[in-house]
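Residue numbers (numbering that gives the first Met the number 0), protein chains in the order written: chain F, 0 to 299; chain R, 0 to 209.
Rather than coming from a laboratory, the hints here were simulated on the basis of the structure. Remember, it's a predicted structure, so these values are computed and weren't measured experimentally. The beta carbon of each residue, even a glycine, is placed where N, CA and C say it ideally should be. Hints may contain errors.
[Stated by the list, open to error] Rough simulated footprint, nothing fancy, chain R against chain F, three-plus residues with beta-carbon under 8 Å:
| id | stretch |
| --- | --- |
| 1 | 95-109 |
| 2 | 268-274 |
[To be verified] Derived DMTMM-like pairs: lysine to aspartate or glutamate, alpha-carbon spacing no greater than 20 Å straight-line:
| id | chain 1 | residue 1 | chain 2 | residue 2 |
| --- | --- | --- | --- | --- |
| 3 | R | Lys209 | R | Glu176 |
| 4 | R | Lys115 | F | Glu33 |
| 5 | R | Lys209 | R | Glu195 |
| 6 | R | Lys115 | F | Asp261 |
| 7 | F | Lys194 | F | Asp206 |
| 8 | R | Lys115 | F | Glu29 |
| 9 | R | Lys209 | R | Asp126 |
| 10 | R | Lys115 | R | Glu181 |
| 11 | R | Lys209 | R | Asp128 |
| 12 | R | Lys115 | F | Glu69 |
| 13 | F | Lys220 | F | Asp206 |
| 14 | R | Lys209 | R | Glu183 |
Given next are the chains, with one letter for each unit.
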Amino acid sequence: MTDEADTATAGWFSDLDPGDIEGASSAILEGTAEQSNDWPQLAVEIGYADTADEYYDQLHAATTAATRAEVTEREAADDRQLVHAIRAMDDCTRTANELAERLAEWAGTVDQDAGTGIDYARELATRERDPEPGQEPLVSLAERVAALADEADDLREYVEQQAPTVAPNLSALAGPVLGARLISLAGGLEALAKKPSGTVQILGAEDALFAHLRGHAPSPKHGIIYTHDAIRGTHPDERGSAARAVAGKLAIAARVDHYSGDVKPELEAELAERIETIQARSEDGSGTDADGSDGGESDE
Amino acid sequence: MSELPDGVERRQFDGTERLGTRGEPVYGEPTDGAWRAWNPNRSKLGAMLELGMETGLVGGETVLYLGAASGTTVSHVADFAGPTYAVEFAARPARDLLEAAESRPRLFPLLKDARKPESYAHVVESDVDVIVQDVATRGQARVALENAPFLADDGRLLLAVKSRSENVTRDPNDVFEDVRDELESGYEVLESRRLEEYHADHLGIVARPK
Numbered sequence: 000m001t002d003e004a005d006t007a008t009a010g011w012f013s014d015l016d017p018g019d020i021e022g023a024s025s026a027i028l029e030g031t032a033e034q035s036n037d038w039p040q041l042a043v044e045i046g047y048a049d050t051a052d053e054y055y056d057q058l059h060a061a062t063t064a065a066t067r068a069e070v071t072e073r074e075a076a077d078d079r080q081l082v083h084a085i086r087a088m089d090d091c092t093r094t095a096n097e098l099a100e101r102l103a104e105w106a107g108t109v110d111q112d113a114g115t116g117i118d119y120a121r122e123l124a125t126r127e128r129d130p131e132p133g134q135e136p137l138v139s140l141a142e143r144v145a146a147l148a149d150e151a152d153d154l155r156e157y158v159e160q161q162a163p164t165v166a167p168n169l170s171a172l173a174g175p176v177l178g179a180r181l182i183s184l185a186g187g188l189e190a191l192a193k194k195p196s197g198t199v200q201i202l203g204a205e206d207a208l209f210a211h212l213r214g215h216a217p218s219p220k221h222g223i224i225y226t227h228d229a230i231r232g233t234h235p236d237e238r239g240s241a242a243r244a245v246a247g248k249l250a251i252a253a254r255v256d257h258y259s260g261d262v263k264p265e266l267e268a269e270l271a272e273r274i275e276t277i278q279a280r281s282e283d284g285s286g287t288d289a290d291g292s293d294g295g296e297s298d299e
Numbered sequence: 000m001s002e003l004p005d006g007v008e009r010r011q012f013d014g015t016e017r018l019g020t021r022g023e024p025v026y027g028e029p030t031d032g033a034w035r036a037w038n039p040n041r042s043k044l045g046a047m048l049e050l051g052m053e054t055g056l057v058g059g060e061t062v063l064y065l066g067a068a069s070g071t072t073v074s075h076v077a078d079f080a081g082p083t084y085a086v087e088f089a090a091r092p093a094r095d096l097l098e099a100a101e102s103r104p105r106l107f108p109l110l111k112d113a114r115k116p117e118s119y120a121h122v123v124e125s126d127v128d129v130i131v132q133d134v135a136t137r138g139q140a141r142v143a144l145e146n147a148p149f150l151a152d153d154g155r156l157l158l159a160v161k162s163r164s165e166n167v168t169r170d171p172n173d174v175f176e177d178v179r180d181e182l183e184s185g186y187e188v189l190e191s192r193r194l195e196e197y198h199a200d201h202l203g204i205v206a207r208p209k
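Next comes chain F alone, as it looks inside the complex (with noise of 0.2 Å):
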């Protein structure tokens, strides 16, 4: 709401024209108040509209207009920018790396003092003002290693915020970053929400399973799940129940964000649960597996 209106009675409608579908939409979505009132008599009174029909005429003209305009704002934020994003921030990070190694072995036989790695890099693009005649072309070689980081992080942090918008159960479970792996792995959204979980366990771990169908390899335990903090903090005996786990939940959580789109807070606690009684296995060091369903609810 504008300063003209008083705050404290200042309904959707306050500051508008009877028929201004984009600015009621705009209130609608964006205002607020810290206590409801009559709006409907409030509008007839102030004469927004002559009755109360009429003002509940207008309402739902504005209500839908402020749903449909956000539900396709937010559905804009489809899965396959997201596969875009976590592309380029994969591809920005592994170039970075690189061309920091090329830095410090170059920086290295000019300087004793040499650190390595993108630190160095950032240190060294932001010390040298001015650079020793003859070193421009390093700290110039060091501001673009360190631009690139920062685009890594600057798409990292994009895919933290619409990963939740695109699957929310899945970034919920998973966390952003490795939920848009996993979309990104399986090619879309879709895609994994029809693989079944045994698949979404060693996405990833494609070179590896290849190895094991040639027959010389043991089957992957798991792919990119495995950096999943469930996995990784479970002893490595009950590593292969764990990532068969958290498979099962991720798959059901990806159908559900591409088949209803609904938040079940249930699943996350599903998995807590599970992961604890697979984790207690390892710690009483009996080794068997007390329930007897070994991760048979991760279904396929």
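We have chain F; now place chain R onto it with these hints.
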């Protein structure tokens, strides 16, 4: 069996007697002329009516509906009630809600978070007759308490509590007890009943503000 509100009737749909309201079909439910069946398996309020809970609904009231989802239940509510404010937070189901609102001039869809009443207090009028709440988040009692200021002094809260949303691992009865206790800081619970016949691990509550 309690009285059904005006605009809700038991009628024959495809040979079985079911609840129904008059309006455009929304989710592929069976119809009979202008009437469409209200499926209690898909609607907690439908289950509460089917099970004969004293909802106090008479028809024509002003309703604030929290957790409208794709509009399955709220479309039936708008069929027999007056102005109906439908609050839903997720964008995808809201698209279906918009379709239900198209043929219902007194159904107002709002893409808002029911945990933040200040974000829609400038739209929803005060002294609504009924709050219907069916949100699948943790803290369902808190949502009901935070929205209590919208409710008229003699209004009714019709609440469906989903125990799995609070905590999947605890016994539903313990969860329901906690929710009731918390609710009683602002409401007087008039009736509560498990909806087990239609919805597993759900409790239906009828309450009025203290």
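Given the hinted pair Lys115 (chain R) and Glu181 (chain R), is their alpha-carbon gap at most 20 Å? Given pair Lys115 (chain R), Glu181 (chain R) holds - Cα atoms ~18 Å apart, limit 20 Å.
Check the hint pairing Lys209 (chain R) with Asp128 (chain R) against an upper bound of 20 Å on the C-alpha distance. Holds, because 15 Å separates the two Cα atoms, which is no more than 20 Å.
Just to be careful, I want the Cα atoms of Lys209 (chain R) and Glu176 (chain R) compared with a cutoff of 20 Å; is the pair within it? Distance ~19 Å between Lys209 (chain R) and Glu176 (chain R) Cα, so the pair holds.
Would the hint linking Lys115 (chain R) and Glu69 (chain F) be met if the CA-CA limit is 20 Å? 17 Å, holds
Annotated coverage of the stretch 95-109 of chain F by chain R, confirmed only when three residues or more have a Cβ within 8 Å: It is violated, with 0 qualifying residues against the three required.
Measure nothing beyond the straight line between the CA atoms of Lys209 (chain R) and Glu195 (chain R); if it is 20 Å or shorter, mark the hint as holding. 28 Å, violated
Holds or violated: Lys115 (chain R) and Asp261 (chain F), Cα atoms, limit 20 Å. 18 Å, holds
Distance restraint between Lys194 (chain F) and Asp206 (chain F), which requires alpha-carbon spacing of 20 Å or less: Holds, at roughly 18 Å.
Do the alpha carbons of Lys220 (chain F) and Asp206 (chain F) lie within 20 Å of each other, as the hint requires? 13 Å, holds
Does Glu183 (chain R) lie within 20 Å of Lys209 (chain R) when you go C-alpha to C-alpha? Satisfied, since the Cα-Cα distance of roughly 8 Å is no more than 20 Å.
Can you confirm whether the C-alpha distance between Lys115 (chain R) and Glu33 (chain F) stays at or below 20 Å? 11 Å, holds
Pairwise hint evaluation, Glu29 (chain F) against Lys115 (chain R), where the allowed Cα distance is 20 Å at most: 13 Å, holds
Hints 1, 5 from the list above are not met by this structure, while the remaining hints are.
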